[in-house]
Amino acid sequence: MKVLGVVGPSDSGKTTLVERFAERFDGHGTVATVKHLTHAPAVDTDGKDTARHRAAGADRTYGITDDGEWFGTGDSRTLSETLDDLSPQYDYAVVEGFSGADMPQVVLGNRDHRGEAIATGETATDIDVGDVVDSLRETEPYETLGSLVARAKRSPAAEKAGAVATFTGRVRAKDHDDDEATEFLEFEKYEGVAEDRLDALRAELADRDGVYEVLLHHRTGVVEYGEDIVFVVVLAGHRKEAFRTVEDGIDRLKEDVPIFKKEVTVEDEFWVHEQ
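Going by my numbering, the sequence shown opens with residue 35, and the numbers climb by one from there.
These are calculated hints, taken from the structure and not from any lab test.
Accuracy of the hints is not assured; some may be wrong.
In the DSS-like style, the derived pairs of lysine-lysine whose C-alpha atoms are separated by at most 27 Å in a straight line are [what the hints assert, rightly or not]:
# : residue 1 : residue 2
1 : Lys288    : Lys187
2 : Lys187    : Lys274
3 : Lys36     : Lys208
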């Protein structure tokens, strides 16, 4: 799933811009939108922002307040949890507000932001939607274990598969009780080379007898304690080849793919040469 944030002052035309993106993406796949709320809305009431998102082409719309109150199904949910739930089902998610979210963002009115700014302007009228869509194609997709498993199960060879095996690597706080706690890890990849080696590794593993689909994904940027870093998903005829391929996949990824890790603890930060 591709995720795009739109941030800016209330009078910058954020909602209008989200509508334009929802309309554009609707022609290429399924679209969900998430809006940052300062108060409880009348969800999908005519004229309200969430209703405008839906009218523009969003298949599903959610609103989240600062305290995590979630409007759309009535449950409490963070932005990350919402995107995790959306990723197996949707091709695009457009997020209005949430300046502190780490995602590609269109930034209006010089709003402070955390994510990579792929377009900036004073108001929505300054933004070329087509240019933003082109830039978004080059960004890393939002993947979860669920989205990768769902994709594997859609394989044309799924009818011959009796096993799905997975590996998930996550950020741990410490190796030993007396270690300094890790706050987050930051990953950088050797652009071009990392992608080529991942593709080659995936193709090599998928060429094994009895293996029908292999999916590999490693996040880059800041990954905080408790969050997932890397996924390996294997669809195979039987469990033995599935387990063996998952183990080889994560071992080879760590050995062969140039992704560099910086660890930040409560006391220090340093680059780690081995993942």
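Status of each hint after checking the structure:
Proposed proximity of Lys288 and Lys187 is supported: the alpha carbons are some 25 Å apart, at most 27 Å. Between Lys187 and Lys274 the alpha-carbon distance is near 18 Å, which keeps this suggested pair within the 27 Å criterion. In summary, the hint linking Lys36 to Lys208 is not supported, as the alpha carbons are separated by about 32 Å, beyond the 27 Å threshold.
In terms of the numbered hints stated before, the structure departs from hint 3 and from no other.
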